[in-house]
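Using UniProt numbering, read the sequence shown as starting at 1 and increasing by one per residue.
Be a bit skeptical, because a hint or two may be false.
[To be verified] Pairs of lysine to aspartate or glutamate, EDC-like flavour, derived with a Cα cap of 20 Å: (1) Lys336 to Glu326; (2) Lys212 to Asp333; (3) Lys29 to Glu272; (4) Lys223 to Glu592; (5) Lys267 to Glu230; (6) Lys212 to Asp240; (7) Lys223 to Glu9; (8) Lys247 to Glu272; (9) Lys302 to Glu144; (10) Lys212 to Glu576; (11) Lys226 to Asp567; (12) Lys212 to Glu326; (13) Lys223 to Glu338; (14) Lys231 to Glu368; (15) Lys212 to Glu9; (16) Lys223 to Asp567; (17) Lys305 to Glu144; (18) Lys302 to Glu368; (19) Lys305 to Asp240; (20) Lys212 to Glu368; (21) Lys298 to Glu144; (22) Lys268 to Glu250; (23) Lys305 to Glu235; (24) Lys336 to Glu576.
[Said to hold, decoys possible] The following label-pair restraints were derived from C-beta to C-beta distances: (25) Ile36 to Ser296: 40 to 48 Å; (26) Lys305 to Glu272: 27 to 35 Å; (27) Tyr527 to Trp117: 36 to 44 Å; (28) Asp521 to Arg450: 55 to 63 Å; (29) Lys577 to Thr342: 38 to 46 Å; (30) Trp117 to Arg575: 30 to 38 Å; (31) Leu547 to Met277: 38 to 46 Å; (32) Phe19 to Phe432: 46 to 54 Å; (33) His460 to Thr342: 45 to 53 Å; (34) Lys577 to Glu272: 51 to 59 Å; (35) Gly3 to Lys336: 34 to 42 Å; (36) Leu549 to Ile36: 36 to 44 Å; (37) Tyr162 to Gly99: 54 to 62 Å.
Keep in mind the hints are simulated off the structure, nothing from the lab. As the structure is a computational prediction, the values presented were derived from the model and not from experiment. All C-beta atoms, glycine included, are put in the ideal place defined by N, C-alpha and C.
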Amino acid sequence: MSGAALGIEIVFVFFLALFLLHRYGDFKKQHRLVIIATLLAWYLCFLIVFILPLDVSTTIYNRCKLAVNSSPAESNGSYVTLAPSKQKCFKPWSYIPNGIMPIFWRVVYWTSQFLTWILLPFMQSYARSGGFSITGKIKTALIENAIYYGTYLLIFGAFLIYVAVNPNFNLQWNQLQTIGIAAANTWGLFLLVLLLGYGLVEIPRSHWNGAKRGYLLMKTYFKAAKLMTEKADAEENLEDIMEEVRKVSESIKYNHPLRKCVDTILKKCPTEYQERMGRNMDDYEDFDERQNSYPSEKSLVKLHKQVIYSVQRHRRTQVQWQILLEQAFYLEDVAKNETSATRQFVHTFHSQEPENKIIQYFYTPTVEWYWECLLRPWFYRVLAVVLATFSVIVVWSECTFFSTKPVLSLFAVFIQLAEKTYNYIYIEMACFLTIFFLSICVYSTVFRIRVFNYYYLASHHQTDAYSLLFSGMLFCRLTPPLCLNFLGLTHMDATISHKNTQPTAYTSIMGSMRVLSFIADGFYIYYPMLVVILCIATYFSLGTRCLNLLGFQQFMGDSEMTSDLIDEGKELIRREKRKRQRQEEGENRRREWKERYGNRDDSTRNRAVHTDQKESSFTETNANRPLSKYTRSNGRTERDRIELLQDAEPLDFNADSVNDDPLESDSGRYQPGGRYLSMSRSKIFDDV
């Protein structure tokens, strides 16, 4: 089993990152380099979280071996027996041989740092650039990142000059490397505590509110009102951009040098707008730059960038609106089915997607009723209590992990108790649950936050390339300080425990923070205590109230604006529900009509064949006459029958008078003007 656990987790984490990226990104439409870079960033960050518990168990075993080797002992197979007390150091099932973990952490850490500080910022500017060539996009990306890169170079150069001039400093390359790592981790820890303070309160509270059906329905109405406003704004913005594209397309003719750029912009427009513009391929007029004012290439680059953004935003709001409608309809169905006497879940609308037969077999309407109306609220309440307990333990440990005598951090107490008995399974499970909960609190906040339309992770493949790359940057910057904070909570970091023991392989890569004592003994210890203040602020929704005062509508139960938006969203959902019901009623009428007159297909087809035989024999004797004048094909009969079954009322609304009996009218096949062509009633309505 040596190294097998490491290989299994590497494969598992890869598919986990791929699954999440597929949920938020669009593999078909987005650039491959964007997908690969984001996948690599997410994969490395998730990998650190999953592999770190194995590093802890391996380090505990190595410490045991060092303690055994320092006293008389005898070796026996896979463990070492201590001679005086006959204690045993069992090798863990997930033991990783020496020399593998340092190399592994070095590759993972420096690759993630290269991504977050160099490659991903450049790719962000490249993906959002409106250039028409690779060279133009690279040039734009370099210009936009010049200030970004120049600031870091200026700070680093000033620091090197200060070290070179000051004789008191005699830093080597390893110490400079440690200072760089400490600077990156300090920035990450500053952001980590902010996100962690929000997640520790919001995640248990969201699960507790998830058990309240009325709360979820009211919040869905609130979201519907806000999303409709955003949807209308996106449609209006797209119309304005498309109007500008139309003017540019009409002004720049097909013999203009910039026409290729215009064609590139048109390809990014929605299909209906491309058809509406109707490019005239024969319009090869000569252009005169002195008489006509043509847009420059720079303005076309800006327009191209606006088109990409507006189309992405419009598509995202359309998809989110449909998803929100389905969610609102389902919550309304749950509220109606709670009082059902039959205890079978009844849906107002059938699912548009085909259901899996296996799930449909086990997840019956009765099972669905018991889960949605009885079990699910209690499950969410129990889960909320468990998560709240974890949050309290984390907050207590963050405030007391610097105390070593006595040990007050609960996570450190759990690990030290398991270390005495060398219960590696318990050690790995405790470490994994601890760091997994911390990661959920931090990463879920990254997925939830939204910075206007600048950064927004939208599910169902609606996240743009810029937001995907930005999330990769955040993950790579947050994960290293998150792991160091976890090692501090469990006292596996020698800087916190103040013990001269073998450090973990991950800590050895980070280097000794004693080079910067004010960071190691000050900022890293006392700054995490700020999480208490952030948790209190999140519990009382201070951030939400501040945003509401600034004009950004937030869901608050005691706000008049929230009540107005809930009423508006409720009316919007009701309107969409009536629209959906009318569509389904029309489809049901069309289906019933086809089922009612579907049994006449055979008789109509037989009569058509008999008529064809007679007419074919007649045309053989009259070969000199036009065939189209006397023959009737089966296709005409079939076409008449299909057109008759269309969902249209057989009335002439544009006529001077309306006949009350449609069977006595001479109307037949419907035309766009509202009139019908004559049809042979003796053939169609013989059985009526």
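How the hints compare with the structure:
1. Lys336 to Glu326: Judged against 20 Å, a Cα distance of about 15 Å means the pair holds.
2. Lys212 to Asp333: Between Lys212 and Asp333 the Cα gap is close to 14 Å, so the pair holds against 20 Å.
3. Lys29 to Glu272: This hinted pair holds, its Cα atoms lying about 18 Å apart.
4. Lys223 to Glu592: 37 Å, violated
5. Lys267 to Glu230: 25 Å, violated
6. Lys212 to Asp240: 42 Å, violated
7. Lys223 to Glu9: 38 Å, violated
8. Lys247 to Glu272: 17 Å, holds
9. Lys302 to Glu144: 14 Å, holds
10. Lys212 to Glu576: 24 Å, violated
11. Lys226 to Asp567: 12 Å, holds
12. Lys212 to Glu326: Holds, at about 18 Å.
13. Lys223 to Glu338: This hinted pair is violated, its Cα atoms lying about 24 Å apart.
14. Lys231 to Glu368: It is violated: about 33 Å lies between the C-alpha atoms, which goes past 20 Å.
15. Lys212 to Glu9: It is violated: about 37 Å lies between the C-alpha atoms, which goes past 20 Å.
16. Lys223 to Asp567: Given that 20 Å is the threshold and the Cα spacing comes to 11 Å, the pair holds.
17. Lys305 to Glu144: Measuring from Cα to Cα gives roughly 14 Å; hence the hint holds.
18. Lys302 to Glu368: 52 Å, violated
19. Lys305 to Asp240: 14 Å, holds
20. Lys212 to Glu368: Measuring from Cα to Cα gives roughly 17 Å; hence the hint holds.
21. Lys298 to Glu144: Status holds; Cα separation ~15 Å.
22. Lys268 to Glu250: 17 Å, holds
23. Lys305 to Glu235: Given that 20 Å is the threshold and the Cα spacing comes to 17 Å, the pair holds.
24. Lys336 to Glu576: Within the cut-off at roughly 18 Å; holds.
25. Ile36 to Ser296: 40 to 48 Å: 34 Å, violated
26. Lys305 to Glu272: 27 to 35 Å: Check failed, 22 Å falls outside 27 to 35 Å.
27. Tyr527 to Trp117: 36 to 44 Å: 22 Å, violated
28. Asp521 to Arg450: 55 to 63 Å: 37 Å, violated
29. Lys577 to Thr342: 38 to 46 Å: 23 Å, violated
30. Trp117 to Arg575: 30 to 38 Å: 49 Å, violated
31. Leu547 to Met277: 38 to 46 Å: At roughly 40 Å between Cβ atoms, Met277 and Leu547 fall inside 38 to 46 Å, so the hint holds.
32. Phe19 to Phe432: 46 to 54 Å: 19 Å, violated
33. His460 to Thr342: 45 to 53 Å: With Cβ atoms ~33 Å apart, the hint is violated.
34. Lys577 to Glu272: 51 to 59 Å: 26 Å, violated
35. Gly3 to Lys336: 34 to 42 Å: Violated: the Cβ-Cβ distance is about 56 Å, outside 34 to 42 Å.
36. Leu549 to Ile36: 36 to 44 Å: For Leu549 and Ile36 the Cβ distance comes to about 43 Å; the hint holds.
37. Tyr162 to Gly99: 54 to 62 Å: 37 Å, violated
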